[in-house]
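Residue numbers (our numbering), protein chains in the order written: chain A, 1 to 407; chain B, 1 to 407.
Keep in mind that a hint or two might mislead.
Heads up, the list lumps identical chains together, so a pair's fine if it works in one copy or across two of them.
[Stated by the list, open to error] Mimicking EDC-like on lysine to aspartate or glutamate, the simulated pairs with C-alpha atoms at most 20 Å apart in a straight line are:
#: 1; residue 1: Lys326; residue 2: Glu238
#: 2; residue 1: Lys100; residue 2: Glu150
#: 3; residue 1: Lys271; residue 2: Glu379
#: 4; residue 1: Lys397; residue 2: Glu146
#: 5; residue 1: Lys13; residue 2: Glu150
#: 6; residue 1: Lys387; residue 2: Asp183
#: 7; residue 1: Lys75; residue 2: Glu171
#: 8; residue 1: Lys351; residue 2: Asp105
#: 9; residue 1: Lys330; residue 2: Glu238
#: 10; residue 1: Lys40; residue 2: Glu237
#: 11; residue 1: Lys15; residue 2: Glu93
#: 12; residue 1: Lys401; residue 2: Glu103
These are computed hints drawn from the structure, not numbers from a lab.
There are 2 protein chains.
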Amino acid sequence: GAGSNEVHNDASKPKRVMVIGGDGYCGWATALHLSNKNYKVAIVDNLVRRLFDHQLGIDSLTPIASIHSRVRRWKSLTGKTIELYIGDICDFEFLAETFKSFEPDAVVHFGEQRSAPYSMIDRSRAVFTQQNNVIGTLNVLFAIKEFSKECHLVKLGTMGEYGTPNIDIEEGYITITHNGRTDTLPYPKQASSFYHLSKVHDSHNIAFTCKAWGIRATDLNQGVVYGLRTDETEMHEELHNRFDYDGIFGTALNRFCVQAAVGHPLTVYGKGGQTRGYLDIRDTVQCVELAIANPAQPGEFRVFNQFTEQFSVRELAALVTRAGEKLGLKVETASVPNPRVEAEEHYYNAKHTKLVELGLNPHLLSDSLLDSLLNFAIEYKDRVDKKQIMPNVSWRKIGVKPRTIVA
Amino acid sequence: GAGSNEVHNDASKPKRVMVIGGDGYCGWATALHLSNKNYKVAIVDNLVRRLFDHQLGIDSLTPIASIHSRVRRWKSLTGKTIELYIGDICDFEFLAETFKSFEPDAVVHFGEQRSAPYSMIDRSRAVFTQQNNVIGTLNVLFAIKEFSKECHLVKLGTMGEYGTPNIDIEEGYITITHNGRTDTLPYPKQASSFYHLSKVHDSHNIAFTCKAWGIRATDLNQGVVYGLRTDETEMHEELHNRFDYDGIFGTALNRFCVQAAVGHPLTVYGKGGQTRGYLDIRDTVQCVELAIANPAQPGEFRVFNQFTEQFSVRELAALVTRAGEKLGLKVETASVPNPRVEAEEHYYNAKHTKLVELGLNPHLLSDSLLDSLLNFAIEYKDRVDKKQIMPNVSWRKIGVKPRTIVA
Ligand SMILES: NC(=O)c1ccc[n+]([C@@H]2O[C@H](COP(=O)([O-])OP(=O)(O)OC[C@H]3O[C@@H](n4cnc5c(N)ncnc54)[C@H](O)[C@@H]3O)[C@@H](O)[C@H]2O)c1
Ligand SMILES: NC(=O)c1ccc[n+]([C@@H]2O[C@H](COP(=O)([O-])OP(=O)(O)OC[C@H]3O[C@@H](n4cnc5c(N)ncnc54)[C@H](O)[C@@H]3O)[C@@H](O)[C@H]2O)c1
């Protein structure tokens, strides 16, 4: 974000940004990007995502260095320090110490259990997801109120909060005229997994604290993120980002590229008409920076829909097939029984102009981008574990017994 | 409910109803009412509400017997058994056993931390409230799915979920026409305490499980309950219900009656234009019975607004003043700085026809009702602890330090 950059460079003291969940896919790319732009960055993370990988027998396609090696490498390459606070934000004693020690001007909160299938494995994962996400976010709100009243909260939500209504999706609010009267109200939410629901709960909690306490917050309702490389993660292999392609943490387009690379049919769930918003990870880091550089006002609960293009799953499969064929791959598509409960054909038209108005310059999903994502998947294809590819969590079959996933 | 009664009596086997939170104000009255109507009743409660009273130094105006004495007395008076399961519904092992042992046809879920001020005392009570309510309800949903698939969930929500929008409040859903397209969506929620927010979270979670698992559920968005006596609780003093008048658990009208009885000025918060729906506790038990007797369909998430009349706080104060004067009391009103963050003058028009359509025959708040509530408050006035009357929890001042309330 060129515009935002200037806002930032004008200030005498660098802005201090706490990145919660900074060891994860979006968080790591964002932490490096902000550090590179001369923000003073601290990562807060309990690394529980690495534990999930162990427990589920899955792994990032890319080898990833420990968080300690990552920040050491960043320091040795750029001279910039990223502070590290390892701990659980559900532990308020820990979180309070990080706030008192780091004194953030902005908090970017990525630190949640973020997989819908994970939240639908069994009862205890459903409960964990809502508890971890809702209580973690409550703690962040209390920490801001108590220790950093002026701090701007930039919270990652998801487009999945809205579901698939039969009317246009607006950015957070909708003006309704009803029986001759008019009001602008929170856009109705229809989430469809315990994970997506946890984000809806967060949004309501944050909105309340903005009103009651004057917290300034931006809720980024993010679409599905694809891609791997950002300028900073490419600087050294110890800075490489994680890349999930498994049935639990892998997201649609990333999974398709890996499937195409290894000759696995693309797994389209049901009819494939499910339409969602998508964005390149380079736009995730850009959007977050724009939000930080242009903070919400005290008491303002601002909602941005953070994606750049809409695609149906069927369209994505067709794009990957075409790009694969250009690279000499024979790509097939298989319709898989849908493990989720969702509409497979529906209207979808979601607004996403607010970040563009702030200066977002989108990286669009062209054939060339697909080429590079695909090429990268081909590069790593020997690391692909095919047993991780098929979905193994069912929305309808979830039960109360603790379940061990065995691929 | 006469109509519902017949529905019930027609069935060969009595319906089995689990009343979660059956030791509380609404739950106890409901459990007795249903038992009296020949439902087979089990109470599930961890009695934590009695612990809150100890911890906060507050007490019910009426002396209340232990839950064990209550059900023994009921049995000796009527020959009817109310089964008792003492435990925490957040403990799934416990909850699973109660479901397997009792095999409910319907679950009425009152078992939550239900005070808005309590949820605003300090961080740990805010977190407790959301955790207790959200996880408890998740567990109930999982227990129904696993053990009693056909069971009808009757869940207590609150009118406070809607906040005070500038348009009419509908019952759970609103039909919106936007940019030329139309859909019926969940009514937007604007809750204004961590307690009210927990109910919004519950509603979203329940709606999802109805859709994904075919759960049948009725969400009763209840207004503020007043009154004490129901036919059954009057049968013996060991069956008497609790009556809260303190600043944390006392609700508006009940508090005003006690204040009038002891010569304390009526505590109107701010301008007193806050308008809400109210109902007599005899209508609470009637509404719940109507919901049970006319269950939701599999997969249906039905929302009823459960109240009978709307009043502003100012109007309530005027009604109590007039009724008090008839009884020779001199009643004054004091405007107290509002401890809450809420609109003090606003539009309010909430629909509440669905329960009436099912047969609800409301007890309206007439002068005579006020007389009996007031007479009852006068009868117990020697038990009133005046130190409990003033509000001592502030929406804006809540902090992270654990707080001991000292009256
Ligand atoms: N990846 C996507 O496509 C996508 C799409 C929409 C929204 N989002 C949102 O963006 C955020 C980041 O997603 P991601 O893909 O980078 O996820 P990720 O799992 O890669 O990263 C999340 C990080 O948060 C950490 N974390 C989780 N709970 C924590 C806790 N209690 N305390 C401290 N740290 C904790 C994890 O260890 C992990 O490093 C999430 O909130 C997610 O919901 C992601
Ligand atoms: N009283 C009102 O004016 C009013 C208004 C609107 C809605 N409601 C709703 O009606 C329900 C009952 O309200 P009430 O006034 O009777 O409250 P109450 O506090 O008198 O009763 C709640 C009962 O639930 C039990 N409980 C709480 N958490 C539990 C857990 N985890 N496991 C087992 N038991 C648990 C408590 O011990 C208590 O006996 C609540 O859900 C409340 O939100 C009440």
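Here's how the hints hold up against the structure:
1. Lys326 to Glu238: For Lys326 and Glu238, neither the intra-copy (31 Å) nor the inter-copy (82 Å) Cα distance is at most 20 Å.
2. Lys100 to Glu150: Within one copy only: 14 Å inside a chain, 52 Å across chains, cut-off 20 Å.
3. Lys271 to Glu379: The answer is neither: 31 Å in one copy and 69 Å across copies each exceed 20 Å.
4. Lys397 to Glu146: So Lys397 and Glu146 pass the 20 Å test across copies only (10 Å; inside, 43 Å).
5. Lys13 to Glu150: within (15 Å within a copy, 62 Å between copies)
6. Lys387 to Asp183: For Lys387 and Asp183, the Cα distance exceeds 20 Å both inside one copy (51 Å) and across copies (41 Å).
7. Lys75 to Glu171: Answer is neither: 38 Å inside a copy and 57 Å across each miss the 20 Å cutoff.
8. Lys351 to Asp105: neither (29 Å within a copy, 44 Å between copies)
9. Lys330 to Glu238: Neither way: Lys330 and Glu238 sit 33 Å apart in one copy and 78 Å across, limit 20 Å.
10. Lys40 to Glu237: Answer is neither: 23 Å inside a copy and 67 Å across each miss the 20 Å cutoff.
11. Lys15 to Glu93: For Lys15 and Glu93, neither the intra-copy (24 Å) nor the inter-copy (48 Å) Cα distance is at most 20 Å.
12. Lys401 to Glu103: between (43 Å within a copy, 19 Å between copies)
Taken one by one, the earlier hints fail for this structure at numbers 1, 3, 6, 7, 8, 9, 10, 11, listed in ascending order.
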